[in-house]
Amino acid sequence: MTKLDTNSQLNFIEFRGVSFRVDGLTNREIVSGVNLTIPHGKTLVLLGRSGSGKTTLLKLINGMLIPTEGEVLVQQRSTRQWDLIRLRRTIGYVIQEAGLFPHFTVAQNVALVPTLENWPRERIDARVNELLQLVGMAPKEFAHRRPRELSGGQRQRVGVARALAADPPILLMDEPFGALDPVTRAELQREFRSLARRLEKTIVFVTHDLREALFLASEIVLMQSSRVVASAPASEFLKLPHPEVASFAASLALGAGEPA
Amino acid sequence: MTAWHFFVQHRAEILSATLDHMGLVLIAMLIAIAISVPLGMFIVYHKSLRTLALGTASILQTIPSLALFGFLIPIPFIGGIGKRTAIVALVLYALLPILRNTYVGLTTIDPAILESAEAMGMTRRQIMFRVRFPLALSVILAGIRTATILTIGVATIAAAIGAGGLGSFIFRGVALVNDALLLAGAIPAALLAILADFLLGRLERRLKVT
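In the order they appear, the protein sequences are chains A and B.
Position 253, counted from 1, in the first sequence is what our numbering calls 253; the numbers after and before it change by one each time, with no gaps.
Position 181, counted from 1, in the second sequence is what our numbering calls 181; the numbers after and before it change by one each time, with no gaps.
Simulated from the structure, these hints should not be mistaken for lab results.
Worth double-checking, as some hints may not be accurate.
Claimed, not checked - DEER-style ranges, computed between Cβ atoms:
| id | chain 1 | residue 1 | chain 2 | residue 2 | range |
| --- | --- | --- | --- | --- | --- |
| 1 | A | Asn118 | B | Phe171 | 34 to 42 angstroms |
| 2 | A | Val183 | B | Leu195 | 48 to 56 angstroms |
| 3 | B | Ile27 | A | Arg21 | 52 to 60 angstroms |
| 4 | B | Ser58 | A | Arg21 | 31 to 39 angstroms |
Cβ atoms here follow ideal geometry from the backbone N, Cα and C, with glycine treated the same way.
Same shape as in the complex, but just chain A (with noise of 0.2 angstroms):
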């Protein structure tokens, strides 16, 4: 199998009383009893405090981690059982800072995944023009640029093209925004709603951030001290009587600026 099957309905992620644990002096657990399944083809955001346990999720479905009790399953198949390569071949990542590679152009970085995948060239360049006009950046001006030389917006815009290169069925997303200014925030966040709702990938989207979540969301899971507390559709997110959904919303109250 070299690919997700896009339009097959198993194709959903399933974590199965997942939890993840470090040896280490404290010996805590970072996920805890997670039992979660994420439908093909929605965004769903995994929202939390800094250091719930929500980019530790994230790394276990692409096989970064691999749980130290259950199972987390991407396409019916354990991710001990998959060849982590192929995995993470076919599932788009995208971080903070968008970690481009600063020896790489603009274009270069895009076609990684493909030439990894050993595409041919023309059909490599194509791909390449067309995701940078999908994230707004021409392919002329850009594409012979080193990273060093963008903007950090241009280059979450170029992390996004870079993720989605060899159209990969599913999107992980670690806080890809989180180190930008609001009004680039914004204008990102608008930008990327609209392109999730056109390519039908399933998303996984980490963020602090509840603003961001109830705008992005199909459906938002809240972590809480290592566990998933609750989980509801956007809309109905802020009705849930969880006290740390309370946390959240309070911190909207605030108004304005930079998230709580």
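Fit chain B to the supplied structure of chain A, relying on the hints for placement.
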């Protein structure tokens, strides 16, 4: 007789000793690079060998150079009098700066870059050769530069075990208390070191990725 007259009179000899010296340094450096750079890559993923390799290289560096030449003479195959022994000693000295810089360069890459490389499905080998190595290149080169300058200096001592080079002037100058002879060895050696520093420094800056 002034040093200048001596230089002019013996320019052919000085030139040939300089070329000898450069030959010694070049061969030693090529061997040291061929050992240290792959070894540095290897110990990134092999913890158990890491301490051993870096420790051994550090210890080698602490042996006084004249003593190291002396120790090598009685060893079969690599020992004896002449160029071969000298090159072995020079290689042993050059290992540490290159090995350490290779290891440090390969392991001080921005974690976000390595994380995305892994998450994109690059294999360990691809991450090594397409990400770590190109990004570490200027640091590795800085190590090569340090080692080269060091080796140009240490190679003058190689004359003590009959390896020739600019050291032969220096040793004769010391024995005969002749400043002109001494300078005929010391000045070209210093110029070589400055030149190597300059050229490798330029290359290093060109390879630096920001």
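For which of the previously enumerated hints does the structure constitute a violation, in increasing order of number? Hint 1 is the one this structure does not satisfy, whereas the remaining hints hold.
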